[in-house]
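Asks: So you can see what is in the structure, the chains are spelled out below.
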Amino acid sequence: MTVDDILLALQDVKDPEIPTISVVDLGIVTKIEIINNVINVVITPTFVGCPAIDIMKRDVETALRTLGADDVHVEVNYDIPWSTNRVSERGRAALLKHGLAPPQPYTVEFELDVLNDTACPFCGSRNTTMKSPFGPTLCRSLHYCNNCLQAFEGFKPL
Amino acid sequence: MSNENKRAGAQKSSGLNTEALKDLLFRVADDSLILAHRHSEWTGFGPLLEEDIAFSSIAQDKMGHANALFKILHEKLGEPNADAIAFGRTEDQFKCCQFVELPNGGYDFSLVRHFLFDASELIRWQFLQQSSFEPLAKLAAKIQGEVKYHVYHAQTWLVQLGAQGNEESRILMQTALDKAWPYALGIFEHGAAEGALIADGVFVGEDVLQSAWLEFVTERCAAAHLTIPTNTTAVLGGRKGYHTEHLKPLLDEMNEVFRIDPSAEW
Chain A
11 MTVDDILLAL
21 QDVKDPEIPT
31 ISVVDLGIVT
41 KIEIINNVIN
51 VVITPTFVGC
61 PAIDIMKRDV
71 ETALRTLGAD
81 DVHVEVNYDI
91 PWSTNRVSER
101 GRAALLKHGL
111 APPQPYTVEF
121 ELDVLNDTAC
131 PFCGSRNTTM
141 KSPFGPTLCR
151 SLHYCNNCLQ
161 AFEGFKPL
Chain B
398 MSNENKRAGA
408 QKSSGLNTEA
418 LKDLLFRVAD
428 DSLILAHRHS
438 EWTGFGPLLE
448 EDIAFSSIAQ
458 DKMGHANALF
468 KILHEKLGEP
478 NADAIAFGRT
488 EDQFKCCQFV
498 ELPNGGYDFS
508 LVRHFLFDAS
518 ELIRWQFLQQ
528 SSFEPLAKLA
538 AKIQGEVKYH
548 VYHAQTWLVQ
558 LGAQGNEESR
568 ILMQTALDKA
578 WPYALGIFEH
588 GAAEGALIAD
598 GVFVGEDVLQ
608 SAWLEFVTER
618 CAAAHLTIPT
628 NTTAVLGGRK
638 GYHTEHLKPL
648 LDEMNEVFRI
658 DPSAEW
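Chains as they are written, first to last, in this note's numbering: chain A, 11 to 168; chain B, 398 to 663.
Watch out, some of these pointers could steer you wrong.
Below 27 Å or equal to it, Euclidean Cα-Cα: the simulated DSS-like pairs (lysine-lysine) are [unchecked claim]:
(1) Lys-41/A x Lys-576/B
(2) Lys-468/B x Lys-576/B
(3) Lys-645/B x Lys-468/B
(4) Lys-41/A x Lys-24/A
(5) Lys-419/B x Lys-473/B
(6) Lys-645/B x Lys-545/B
(7) Lys-576/B x Lys-473/B
(8) Lys-107/A x Lys-141/A
(9) Lys-67/A x Lys-24/A
(10) Lys-473/B x Lys-67/A
(11) Lys-468/B x Lys-419/B
(12) Lys-67/A x Lys-107/A
(13) Lys-67/A x Lys-41/A
(14) Lys-637/B x Lys-419/B
(15) Lys-141/A x Lys-545/B
(16) Lys-67/A x Lys-468/B
(17) Lys-41/A x Lys-473/B
(18) Lys-473/B x Lys-24/A
Think of the hints as simulated: they come from the structure by calculation, not from any bench.
Please read all numbers here as calculations on a predicted model, not as lab measurements.
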């Protein structure tokens with residue numbers, strides 16, 4: 011059993027609120043170690059109040075128990091805080107597939123101005139307007155595309 | 398952070414004044430919990446759908462922040478679990494400032510409170526990133542990014558209804574600001590052991606926070622064509638457990654299920 015086996019198994023564990031993206035591609039898995047055939051994994055929530063974190067913790071545990079380890083420990087902590095820069099390329103594609111505009115990467119600290127420059131997930135136009143920084147889940151914002159005239163949701167940078 | 402710094406931080410946290418630290422965590426967590434409850438009262442009643450969603454989302458964030466702080470109190474400082482702390486205390490055991498417990502009033506007052514309080518919260522969490530108490534510093538690094546969205550939301554409306562609104566909306570916002578201001582100053586009432594927190598490097602202290610906040614809100618109120626009241630006295634007492642008549646009914650509602658069955662899961 012290797013770290014790669016764990017990463018592969020975790021590809022099947024999805025965010026219950028966005029079922030196209032795995033916990034690995036979402037970037038919430040912050041530590042994986044195997045010591046004496048015991049798996050220790052740390053995950054961290056996207057937003058501190060994320061109601062899906064307990065479900066994902068349970069799902070991660072369940073998936074890892076199939077690998078034949080003597081024991082599996084999954085801890086939730088903030089040692090490495092989640093940010094949207096942790097979303098992988100495959101994760102960004104998965105968000106787009108779900109109809110969500112992927113978050114724009116940033117270098118030092120995110121500035122909220124980037125919300126007004128979000129590409130429409132339907133037609134790709136950047137002629138869009140941010141309507142509200144709060145959407146149906148904590149990690150989404152509401153936008154409108156002035157090109158294809160559709161409302162859409164974005165995965166907001168953090 | 399390097400491993401050596403981590404070790405130094407860990408050593409330092411063991412020598413902190415625990416009672417002062419707990420008092421700070423209760424103040425910050427209780428503010429978040431009670432304002433989250435007030436914000437959640439807009440769910441289903443917002444003046445427009447996006448605002449309904451915004452206040453509900455902000456409430457959910459703040460509830461999460463309170464929960465994370467209660468978890469630190471439980472796991473690192475020996476307090477009861479988060480549910481017991483949140484729902485099992487009486488009114489006089491709450492350390493929130495009186496500002497957060499005031500009823501929502503109209504949307505004008507709710508927005509102004511949201512702006513004034515969240516500005517203080519954002520700056521507080523930014524300072525707490527440097528806290529010598531490592532679990533708090535780590536949480537702060539995470540939370541300050543979320544609160545940025547709260548402040549952004551609040552100040553957008555402040556300008557929209559102030560400088561960009563009409564005379565009626567501007568007067569409503571100014572009246573709300575006049576009413577809110579003495580209570581907002583109460584955010585910065587000192588805790589039980591302010592000096593120990595500063596000496597231990599846990600927090601820079603309420604006075605430093607208040608001056609940074611004053612600069613921040615003065616600039617943004619000016620941009621919204623709103624005037625900050627002068628000659629006002631801070632409403633104090635909340636940090637010592639003295640509250641308005643509004644807190645008890647709020648707690649009675651919040652604790653209703655817990656009081657019926659403390660082991661209930663919902």
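Asks: Could you run down the list of hints and mark each one as holding or not?
Replies: Right, here's what the structure says about each hint:
1. Lys-41/A x Lys-576/B: Violated - the C-alpha atoms of Lys-576/B and Lys-41/A are around 49 Å apart, more than 27 Å.
2. Lys-468/B x Lys-576/B: 34 Å, violated
3. Lys-645/B x Lys-468/B: 24 Å, holds
4. Lys-41/A x Lys-24/A: 17 Å, holds
5. Lys-419/B x Lys-473/B: Holds, because 10 Å separates the two Cα atoms, which is no more than 27 Å.
6. Lys-645/B x Lys-545/B: With Cα atoms ~30 Å apart, Lys-645/B and Lys-545/B exceed 27 Å; violated.
7. Lys-576/B x Lys-473/B: Roughly 39 Å separates the two Cα atoms, so the pair is violated.
8. Lys-107/A x Lys-141/A: 22 Å, holds
9. Lys-67/A x Lys-24/A: Answer holds: Lys-67/A to Lys-24/A is near 11 Å, not above 27 Å.
10. Lys-473/B x Lys-67/A: Holds. Lys-473/B to Lys-67/A sits at ~21 Å (cutoff 27 Å).
11. Lys-468/B x Lys-419/B: Since the Cα atoms of Lys-468/B and Lys-419/B sit roughly 12 Å apart, the hinted pair holds (cutoff 27 Å).
12. Lys-67/A x Lys-107/A: The given pair, whose Cα atoms are some 24 Å apart, holds under the 27 Å limit.
13. Lys-67/A x Lys-41/A: With a Cα-Cα distance of about 13 Å, the restraint between Lys-67/A and Lys-41/A holds, given a limit of 27 Å.
14. Lys-637/B x Lys-419/B: 13 Å, holds
15. Lys-141/A x Lys-545/B: 17 Å, holds
16. Lys-67/A x Lys-468/B: Between Lys-67/A and Lys-468/B the Cα gap is close to 17 Å, so the pair holds against 27 Å.
17. Lys-41/A x Lys-473/B: 22 Å, holds
18. Lys-473/B x Lys-24/A: Distance ~31 Å between Lys-473/B and Lys-24/A Cα, so the pair is violated.
Hint check: violations occur at hints 1, 2, 6, 7 and 18; the rest are consistent with the structure.
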